[in-house]
Structure formats: C-alpha cells, structure tokens
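Novice: Sequence:
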Amino acid sequence: MKIIAGNNKANYNYSVSNKIEAGIVLTGSEVKSLRINTGSIRGSYIIEHKGELWLSNSFIKKYKNSDDKNYNPSRNRKLLVTKKEFNKISGSIKQGGLTIIPLSLYFSDKGFAKLSCGIAKGKKNIDKRESIKQRDWNIKKQRLLKNN
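The sequence shown: position 137 = 137 (the numbering used here), numbered continuously.
FYI, nobody ran anything at the bench for these hints, they're computed from the structure. Small disclaimer: the values here were computed from a predicted structure and weren't measured. Please note: incorrect hints may appear among the correct ones.
[To be verified] Below 27 angstroms or equal to it, Euclidean Cα-Cα: the simulated BS3-like pairs (lysine-lysine) are: (1) 9 <-> 140; (2) 121 <-> 110; (3) 83 <-> 110.
[As the list claims (entries may be wrong)] Label-pair ranges, simulated between beta-carbon atoms: (4) 11 <-> 31: 41 to 51 angstroms; (5) 139 <-> 56: 46 to 56 angstroms; (6) 56 <-> 87: 13 to 23 angstroms.
The beta carbon of each residue, even a glycine, is placed where N, CA and C say it ideally should be.
Let the hints inform the model, and build the full structure from the sequences given.
Specialist: Listed below in structure tokens is the structure:
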C-alpha cells in the first residue's frame with residue numbers, strides 16, 4: 001500500500017467512528033500524475049449527489065506529458081462504494097451531526113487508487129485541547145519509559 005496523500009487535520013478536527021475504503025474514478029493522466037505523488041486531499045470533502053458519492057475540492061496536478069487542454073485539477077471525482085456501504089453512509093449522514101471525510105488517498109496492492117473515508121463527528125475546541133494534552137502526555141510517558 002503506497003500512500004499518496006493524507007488529511008492530517010482530519011483526526012484533529014473530527015472524531016472518526018468508522019472507516020470505509022472506496023474506489024475513485026480517475027482518468028489515465030490523473031493516475032500517472034498520482035504515481036509521482038502530485039495529489040492532495042487537504043481541504044477536500046465528500047458530497048452525496050443523486051445517489052452517488054463525489055469527492056470534491058481535491059487537487060491532482062496535470063501530468064506533464066498529457067495533451068489534455070481543458071484539464072481541471074480540482075474537479076469532482078466519483079467514489080465507488082457498494083450499495084450496502086452507501087446505505088450505511090447516507091443513513092449516518094441523514095441521522096444528523098455526522099459527516100464523511102476523506103482520510104487518505106493511496107494505491108492498493110493491486111494498483112488501484114483508493115480513498116479511505118471516515119464517518120466522523122466534528123470536535124469542539126475543548127475536545128481539541130484535550131486531544132493535544134493526551135498526545136503530549138503519551139510522548140512524555142514514552143520518554144520516561146525509554147529512560148528507565
């Protein structure tokens with residue numbers, strides 16, 4: 001598994017409850033561009049439109065040897081999930097307070113581009129400070145155990 005892009009702010013801003021793996025529909029030049037690590041999912045989000053999931057606001061740089069004149073690097077890209085997963089996602093979104101966010105973009109062992117998504121709930125500032133305290137304490141604890 002080769003990770004192309006990650007959304008580091010996702011774990012800071014959201015508390016992820018479930019993770020789902022989804023395929024992503026790309027053109028040939030986009031796949032070649034991703035193979036040389038020129039993609040980003042920072043600030044991207046997933047929307048539901050007409051019974052389908054779409055990755056919006058993700059950036060994939062144009063492949064330098066491509067002859068595509070009208071290439072849009074931040075176009076909406078369709079996500080491929082099973083009907084069961086889609087029903088699970090749409091049910092949790094309609095439930096209220098939950099959203100689906102992209103966590104990482106990677107190539108699977110078979111060479112397919114995949115997107116790891118999470119069903120998450122937004123954190124408040126108090127929760128964010130608590131997670132920072134917990135992370136700092138874990139670092140200090142590891143240092144103490146290492147020195148002893």
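Novice: Regarding residue 11 and residue 31, is the given constraint of 41 to 51 angstroms on their beta-carbon distance met?
Specialist: About 27 angstroms separates the Cβ atoms of residue 11 and residue 31, which means 41 to 51 angstroms is violated.
Novice: May I ask you to test the hint 46 to 56 angstroms on the CB atoms belonging to residue 139 and residue 56?
Specialist: violated (35 angstroms)
Novice: Given the hinted pair residue 121 and residue 110, is their alpha-carbon gap at most 27 angstroms?
Specialist: violated (32 angstroms)
Novice: Please verify whether residue 9 and residue 140 have alpha carbons no more than 27 angstroms apart.
Specialist: holds (22 angstroms)
Novice: Between residue 56 and residue 87, is the Cβ distance one that fits in 13 to 23 angstroms?
Specialist: Because 21 angstroms falls inside the window, the suggested range holds.
Novice: Given the hinted pair residue 83 and residue 110, is their alpha-carbon gap at most 27 angstroms?
Specialist: holds (22 angstroms)
In summary, the structure is inconsistent with hints 2, 4, 5 from the numbered list given earlier, while agreeing with the others.
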